[in-house]
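Novice: Residue numbers (this note's numbering), protein chains in the order written: chain A, 717 to 939; chain B, 717 to 939.
Derived by calculation from the structure, the hints in this document are not laboratory data.
As the structure is a computational prediction, the values presented were derived from the model and not from experiment.
Here a beta-carbon is modelled for each residue, glycine too, at the ideal position from N, C-alpha and C.
Hints may contain errors.
[As the list claims (entries may be wrong)] Coverage of chain B stretches by chain A, computed from C-beta distances (three or more under 8 Å per stretch; other residues unrestricted):
{"hint": "1", "segment": "808–819"}
{"hint": "2", "segment": "919–929"}
[What the hints assert, rightly or not] Label pairs and their computed distance ranges (CB to CB):
{"hint": "3", "chain 1": "B", "residue 1": "Gln882", "chain 2": "A", "residue 2": "Glu719", "range": "24 to 32 Å"}
{"hint": "4", "chain 1": "A", "residue 1": "Glu904", "chain 2": "B", "residue 2": "Ala876", "range": "34 to 42 Å"}
{"hint": "5", "chain 1": "B", "residue 1": "Arg867", "chain 2": "A", "residue 2": "Ser766", "range": "49 to 57 Å"}
{"hint": "6", "chain 1": "A", "residue 1": "Pro783", "chain 2": "B", "residue 2": "Ala899", "range": "39 to 47 Å"}
There are 2 protein chains.
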Amino acid sequence: MEELLDSPLRVHGALHESGYGGSERERQILARLQAMGMETLVVSEAELASASDTEQPQGIVAIARMPEHSLVELPDPERGRWLVLDAIQDPGNLGTIIRTAAAMGVSAVLALRGTVDVWNSKVVRSSMGASFRMPLVPLTVAELQSFLSDRGIPLWAADAGGEPVQQKSAPRRLALVVGNEGAGVSAEVMQLVQRRVAIPMDSAVESLNVAVATGILLYMLQS
Amino acid sequence: MEELLDSPLRVHGALHESGYGGSERERQILARLQAMGMETLVVSEAELASASDTEQPQGIVAIARMPEHSLVELPDPERGRWLVLDAIQDPGNLGTIIRTAAAMGVSAVLALRGTVDVWNSKVVRSSMGASFRMPLVPLTVAELQSFLSDRGIPLWAADAGGEPVQQKSAPRRLALVVGNEGAGVSAEVMQLVQRRVAIPMDSAVESLNVAVATGILLYMLQS
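From just these sequences and the hints, can you work out the full model?
Specialist: Here's what the structure looks like:
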């Protein structure tokens, strides 16, 4: 709720239990909603539970419009990072990746077909509020290709067979693609890639979790 | 199953469904169990489901003894990394951290009180087999203190208020402590710490997921 209220998203209303507002933090959230002239509805615990899909809802649920970002409207900074996701399937991984991308100054997250719905509720929760601020754009491989070539942004791929990633080795503008938890970056997307980078690791371990790998690569390749 | 069979753990037996063994990969697993003289029992789908705690069991369940490692028996390499966990609560995070530690060449994972059970089944699954090879040692703060001082291993902490982490800045032998998802490293443990290191990030983001942060720090501080 706090992350939503701090974000640019438009909140349309909220439901909360009658007991909500007992702590200072909860009182502040209700006061902020009231100051915005927001309609809030007091509901029973059972009604709140039916409106929420978590096992332990926090006593309040808000409604906001999912933002839609088009590729052409995305900012075009001189130094920038774009993160491309090729069929990331686990919602917890995707949310953690969005949170990590926000922390690492990524301009937008571009989600290719086969990636779990970016507005899946588990994705939103795992992103810890980053989904409310980070532009998330579903797109096709053809749209990705046009976007990169129109803007002159090179594409690098996370790939175990690539060269070891070097700090400060990346160009001012760069898109990084990370692939599916099992299969990695698809052959179709690999055709758009200029360079493949790997995270050197102990040979007994097959791979890193995709969110951890994305974090290390985005950190090493910062602009 | 494959990770377990590849590990040093002693397998005591296995249950599988009658349909298991249809694929080449499954056939190989059964052949390996047979070659080890292992007792395997064919059970019904319902029986297998009751022996497994995943929603979609993979048709086979094995029994192995949880390894017990004592602090004094841990290897004592001249160059080494030890990872200390201070009250990590989410099983998925813990499993991912163990997997990451294995990839980054950590010698042992030391789990302080308040950390979720290292043999929780969700931890084991998230570790992708790393739990079968990485020494996992539950311990108290006093035991940690003795371990570090007996061996002369300095302790650094992951802390948002620390100095920005630098690559190749760490001593040959180093223990890194990462803290609870919400509260970070506790004051009690912080008293044992020589240096606090942070991951520089966008100011709009409060924190990274603890597994992602651990991955970046272990990568930057490699021996």
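Novice: Has the hinted range 24 to 32 Å been met by the Cβ atoms of Gln882 (chain B) and Glu719 (chain A)?
Specialist: holds, 31 Å
Novice: Quick check on a hinted range of 39 to 47 Å for Pro783 (chain A) and Ala899 (chain B), using CB atoms only.
Specialist: violated, 32 Å
Novice: A range of 49 to 57 Å was offered for this pair. Does it hold for the Cβ distance of Arg867 (chain B) and Ser766 (chain A)?
Specialist: holds, 55 Å
Novice: Is the gap between the beta carbons of Glu904 (chain A) and Ala876 (chain B) within 34 to 42 Å?
Specialist: This hint holds: roughly 40 Å between Cβ atoms.
Novice: Confirm or reject the coverage of the segment 808–819 of chain B by chain A under the rule of 3 or more residues with a beta carbon closer than 8 Å to the chain's beta carbons.
Specialist: holds (count 6)
Novice: For the segment 919–929 of chain B, does the count of residues with a C-beta closer than 8 Å to a C-beta of chain A reach 3?
Specialist: holds (count 9)
In summary, the structure is inconsistent with hint 6 from the numbered list given earlier, while agreeing with all the others.
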